[in-house]
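Colleague: Residue-level listing of the chains:
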Amino acid sequence: MPIISRGFHGRARDPRHRLPPGQYETNGFPVLSTGPTPAVHLDQWEFTIRTETGARHSWDWTQFLALPDETPTVDLHCVTKWSKFDTDWQGVSLDVLLEDVETNADYALVRSYGDYTTNMPLEDLVDGQAWIAYRYDGEELDPEHGGPARLLIPHLYFWKSAKWVRGIQLLMEEERGFWETYGYHDYGDPWREQRYQGD
Amino acid sequence: MAGATVPRRLGERLRWRAARLTERVTETGTARTLVFDVPGWPGHLAGQHVDVRLTAEDGYSTQRSYSLASAPDGESVALTVQRLEDGEVSPYLTDELAVGDLVELRGPVGGWFVWRTEQKEPILLVGGGSGLVPLMAMIRTRRAVSDRTPFRLLYSVRSPDDQLYTAELRRDDPGLDKTYLYTRSTPEHWPRPPGHVTASDLSTGGWPPDFEPTCYVCGSTGFVETAAGLLVALGHHPGRIRTERFGPSA
Numbered sequence: 001m002p003i004i005s006r007g008f009h010g011r012a013r014d015p016r017h018r019l020p021p022g023q024y025e026t027n028g029f030p031v032l033s034t035g036p037t038p039a040v041h042l043d044q045w046e047f048t049i050r051t052e053t054g055a056r057h058s059w060d061w062t063q064f065l066a067l068p069d070e071t072p073t074v075d076l077h078c079v080t081k082w083s084k085f086d087t088d089w090q091g092v093s094l095d096v097l098l099e100d101v102e103t104n105a106d107y108a109l110v111r112s113y114g115d116y117t118t119n120m121p122l123e124d125l126v127d128g129q130a131w132i133a134y135r136y137d138g139e140e141l142d143p144e145h146g147g148p149a150r151l152l153i154p155h156l157y158f159w160k161s162a163k164w165v166r167g168i169q170l171l172m173e174e175e176r177g178f179w180e181t182y183g184y185h186d187y188g189d190p191w192r193e194q195r196y197q198g199d
Numbered sequence: 001m002a003g004a005t006v007p008r009r010l011g012e013r014l015r016w017r018a019a020r021l022t023e024r025v026t027e028t029g030t031a032r033t034l035v036f037d038v039p040g041w042p043g044h045l046a047g048q049h050v051d052v053r054l055t056a057e058d059g060y061s062t063q064r065s066y067s068l069a070s071a072p073d074g075e076s077v078a079l080t081v082q083r084l085e086d087g088e089v090s091p092y093l094t095d096e097l098a099v100g101d102l103v104e105l106r107g108p109v110g111g112w113f114v115w116r117t118e119q120k121e122p123i124l125l126v127g128g129g130s131g132l133v134p135l136m137a138m139i140r141t142r143r144a145v146s147d148r149t150p151f152r153l154l155y156s157v158r159s160p161d162d163q164l165y166t167a168e169l170r171r172d173d174p175g176l177d178k179t180y181l182y183t184r185s186t187p188e189h190w191p192r193p194p195g196h197v198t199a200s201d202l203s204t205g206g207w208p209p210d211f212e213p214t215c216y217v218c219g220s221t222g223f224v225e226t227a228a229g230l231l232v233a234l235g236h237h238p239g240r241i242r243t244e245r246f247g248p249s250a
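Heads up: the protein sequence lines correspond to chains D and H, in order. Its first residue numbered 1, the first sequence is counted upward by one per residue in the UniProt record's numbering. Its first residue numbered 1, the second sequence is counted upward by one per residue in the UniProt record's numbering.
Bear in mind the hints are in silico, worked out from the structure with no lab data behind them. There may be inaccurate statements among the hints.
What the hints assert, rightly or not - Coverage of chain D stretches by chain H, computed from C-beta distances (three or more under 8 Å per stretch; other residues unrestricted): (1) 2-11; (2) 19-27; (3) 32-42.
Note that this is a predicted model, so its numbers are computed, not measured. Cβ coordinates follow ideal geometry from the N, Cα and C atoms, glycine included.
Just chain D, same shape as in the assembly:
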């Protein structure tokens, strides 16, 4: 039984009932990262998928922009408790990027410029659940929000949506990323409130 905080009422409840437990709605777009924002130059940008056998599939910026894009509108849920509804993105579905990749892997480790990493099961990246996004709200993606391109995987807590993404490594066994080695959850489902390992 939770303790009732005497005299606490909270805000008017969200009528759309889309807030996962423990979250609150924000209209801003807060930023969470662990260090300085890395400078990523488009002429050196490359996105690489590496399989468990060492096979590489990579795209430079021009090739990447030539891929078919989608414009998902999604809700974001950050482990720092904010949620933001109906955000508009443009990007390439991971289904497109993984289409020709031959793999038996079950896990993915996402890598970023600036050495950030995060992990998730590979099946969470496919079936229209994840994108490499390069535009937000009709504009080029701001560096502080992960530009030039970031992973967008909105059904998991937002730290899984790695900023400044540079590639994905496919793995037979799960390997923990940056926050996950510091005790954050390997999966991170906001609806099951999987904030930390053990939740």
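The hints should help you fit chain H onto chain D, whose structure is shown.
Modeller: Relative to chain D, chain H alone:
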């Protein structure tokens, strides 16, 4: 979930605990330090935070994260909360929660933005506004264990009235150098005109990059972007700059 084994200690840290308010200290017009008694508190590292959960009578519940302000001190835990005008939680914590009242708290959380007493390199602390709170936990921890690691603090704040922990920071702390930057209004006869943090501030009040200090930068997103970017431009390795942002989360 495969691979998610539960280390016992971590599970223990993530249990929600009843925390009773034992003391409320007025820091500024809008900031209060709240001291809680938390039975079973496992201790913490300087820089870590806690999650606070409030539950209304109708069962509605919400959570926020707050940095720990205190050095480890048994089962006593201090948070400094800045009241946000349109906030849902902070006005309740700063104005309504009375001594003796209970909230739920869990933690400590976070293992990256921390200073450990084993670290021997010089330390630069760069705080903007209430971003001073986790840095103060580092200063207090260093003092509590009589550590001699050289610390430098750069604290940027709107005006003297907004300064946190003023009396405590005025006291002499050997090996801790302090630089105050004011962005809107300064004390009388202050040599530096009001303004945001500059490269020259960080180079005069900080450490030369070849001393290889670890830099901890905490504040609003704008402040952290600016200060961390300037530190990189001055030659500090990005891997030695740790940041924590206090979002506009209410």
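Colleague: Take the hints in turn and mark each one as holding or not.
Modeller: Each hint tested on the structure:
For the region 2-11 of chain D, the stated coverage by chain H is satisfied: 10 residues place a CB nearer than 8 Å to a CB of that chain, which reaches the threshold of 3. Counting residues of the region 19-27 of chain D whose beta carbon lies closer than 8 Å to any beta carbon of chain H gives 5, which reaches the threshold of three, so the coverage claim holds. Counting residues of the region 32-42 of chain D whose beta carbon lies closer than 8 Å to any beta carbon of chain H gives 7, which meets the minimum of three for the stated coverage.
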